[in-house]
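Assemble the whole structure, with the sequences as input and the hints as a guide.
If you read the protein sequences in the order shown, they are chains A and B.
Counted from 1, the first sequence has number 135 at position 135 by full-length UniProt numbering; the numbering is strictly sequential.
Counted from 1, the second sequence has number 73 at position 73 by full-length UniProt numbering; the numbering is strictly sequential.
If you're looking for bench data, these hints aren't it; they were derived computationally from the structure.
Fair warning: there could be bad hints in the mix.
[Said to hold, decoys possible] Which residues of chain B face chain A? A partial, calculated answer using Cβ under 7 Å:
#, residue
1, R213
2, G217
3, G219
4, A220
5, V259
6, L260
7, R262
8, D272
9, L274
10, V290
11, H305
12, G306
13, G332
[Said to hold, decoys possible] Some chain B residues well away from chain A (every beta-carbon gap over 12 Å; in silico):
#, residue
14, P187
15, F189
16, P207
17, S243
18, R270
19, Q280
20, P292
21, P294
22, A297
23, A308
24, V335
25, E339
26, I359
27, D363
28, P369
Using N, Cα and C, we set each Cβ at its ideal position, and we do this for glycine too.
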Amino acid sequence: MSVPKEMKRGANVTLTREIPDLRGVVLGVQFDAGLERVLTDNIVVAAILCRGDGEALSDRHFVYFNQLASPDLSVQQLREVVGEDHDQIEVDLSAAPAEVTRIVVVMYVNEGTAVRRTLGRLKTCVIRVLNLDGNAELIRSENLAPALNLETGLALGELYRHSGGWKFKVIGDGYANGVTALAADYGIRL
Amino acid sequence: MSSTDDLSWLRHRALVRSAPAAADDLSWIRHRRRPADTTTPATRTAPAPPATSLDLGGGNDTSLDLPTGPAPAISGGVSGTPTAPPATNTSLDLSGGATSLDLGGSGTSLDLPTGAPAHGGTSLDLSPGGPPPPPSRGGTSLDLSASPDVPGASPTVPGTSLDLSPGPAPSPAPAAPGPPGPAAPPPAFTPPRTQGSAPTVLSPRQPSVQLTRLQSGIGALTFEAAWSPDEGFVLGCAYQMDSGWSSVLRQGETFGPLVLDRHAGHQRLRLDLLHGRHLQRLIVFGVPAVDPGPHWAGTLLIGTHGQARIEVPVQPPPPGPTVLLSLYNVDGEIVLRAEAQTVPGRIRDACLAFGYDRIAWRDADTAIPPA
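Next up, the structure:
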């Protein structure tokens, strides 16, 4: 396969051209904060199913630990990951409704009762794409962590429809105000 | 299910209850149905022949609340085999030619396969409308599954079958992925949601509110005691985790996702919703420390991460701990309910009144903290 193994921010690849019979993918997120357990214990990874205008279809289309599947079951967060990822999200590309044009993977630091931490303490942060059939790694992003500083939210990457197929793009955009800013950007009512 | 573990769990349950040999038939069902009626099971089953198992012919005293109809005919004979070895203590032995158990009514309730194998095993299929079980299965099996995978399996006929399956099983995971099954019937009552702009005021007419899955999982829930003097009415909470662990949190204490401290001169309880997903339920109570007087008023303010605001007005508390609010995690959605229940006595009494009976107490106001 001729896809570059490590994709930079903003780079994209046409998944369904490289693998015409691609049925679905697993979006895996890996991060490492060293000994900073407070940070890793409070990071939440989520997927947002968006319409053409870039907004989420509804707040039911925010898939995370307390809402493990989208209503159509095309996007599901795994409770037990396979392999070394911290979080994994399975996407059944053929089951995604036509109105879903983008599936964005985000992460944020939950502002619970713990001391506030920022994503700048991450040493590594990588999103990768696996083939749902066989778990072969198709794409791995560059390390997104060095560009982060005071951010508490991050859009990692997105799957999106293009010319009847699916593409994947590494985003890597940080948000200073965590899930609040992410939700505002994707039109989700918290 | 293998042929050897036939109904062993049923026997074990019966044995645990140390029921007499003749009466250890499905007694757990009776206990589930009628928890209060545990004093007279012997009189109910006494006239039955020995080892008679499933006593469904008791007329108005039928233990299993089945549609008896005009005549609770039991065709095929449930009388079991008197020759069953007493050592086995077979609980539900329907062998010996027992082929069908018709409980009357318009539907067949217990479908027993014909042609039971020589091993004597008979399966009690309680699946609603499912196909007959494989006849070659040895041993006795009790199939409580709803056989959802069988094509053509009709949905439950109301009021006819003895369906012991719990229906669409409440998944332990919130919104657990799986194939879309038949839609569950809508709940009889669903509390309202928070409104977009205005605060939600919980009142006796509308005491409860249900948070969304996002409100129930993002950030923290804060409970702020908005009254003065602040120390005149002391906030506390009792909680129970999914693990069964249950205790009380007092001012200045922390347990797992719960922190009870002060913020800007007010008592404040916070529930971390990421780590609080294993919290099952919670009550917030106040204990009057001084006589508040008749003109006292206060509010318990609840806030979500998305700035939704819920207000619980607090009346002048009579002496005794007052439970202000209860919280339940209902399959990933948090339900809050204003209670305003003053319980005469101490904190222990208030907790017991709300079913927190797994707390170990040092004294009537002090629970033993987690290790």
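Exercise. Holds or violated: is the Cβ of P292 of chain B farther than 12 Å from all Cβ atoms of chain A?
Worked result: holds, 29 Å
Problem set entry | Status of the V259 of chain B interface restraint (C-beta, 7 Å, chain A) | At 5 Å from the nearest chain A Cβ, V259 of chain B passes the 7 Å test, so the hint holds.
Exercise. Checking the smallest CB distance to chain A, is P207 of chain B really beyond 12 Å?
Worked result: Check passes; 24 Å lies beyond 12 Å.
Exercise. Is the Cβ of V335 of chain B farther than 12 Å from every Cβ of chain A?
Worked result: holds, 14 Å
Problem set entry | Per-residue hint verdict: R213 of chain B, partner chain A, C-beta under 7 Å | holds, 4 Å
Problem set entry | Given as non-interface: E339 of chain B, which should sit over 12 Å from chain A by C-beta | E339 of chain B is indeed farther than 12 Å from all Cβ atoms of chain A, at 24 Å.
Problem set entry | Hint status (Cβ of G306 of chain B to nearest Cβ of chain A, threshold 7 Å) | This interface hint holds because 3 Å falls under the 7 Å limit.
Problem set entry | Separation of A308 of chain B from chain A, once the least beta-carbon distance is taken, above 12 Å | violated, 8 Å
Exercise. Once the shortest beta carbon distance from G219 of chain B to chain A is found, is it less than 7 Å?
Worked result: With a closest approach of 5 Å, the G219 of chain B hint holds.
Problem set entry | 12 Å Cβ clearance of P187 of chain B from chain A | Its Cβ never comes within 12 Å of chain A, the nearest being 17 Å, so this holds.
For this session: Decide, holds or violated, for the assertion that all CB atoms of chain A are farther than 12 Å from the CB of R270 of chain B.
Result: violated, 5 Å
For this session: With a cut-off of 7 Å on the beta carbons, see whether A220 of chain B makes it to chain A.
Result: With a minimum Cβ separation of about 5 Å from chain A (threshold 7 Å), the hint on A220 of chain B holds.
Taken one by one, the earlier hints fail for this structure at numbers 6, 7, 10, 18, 23, listed in ascending order.
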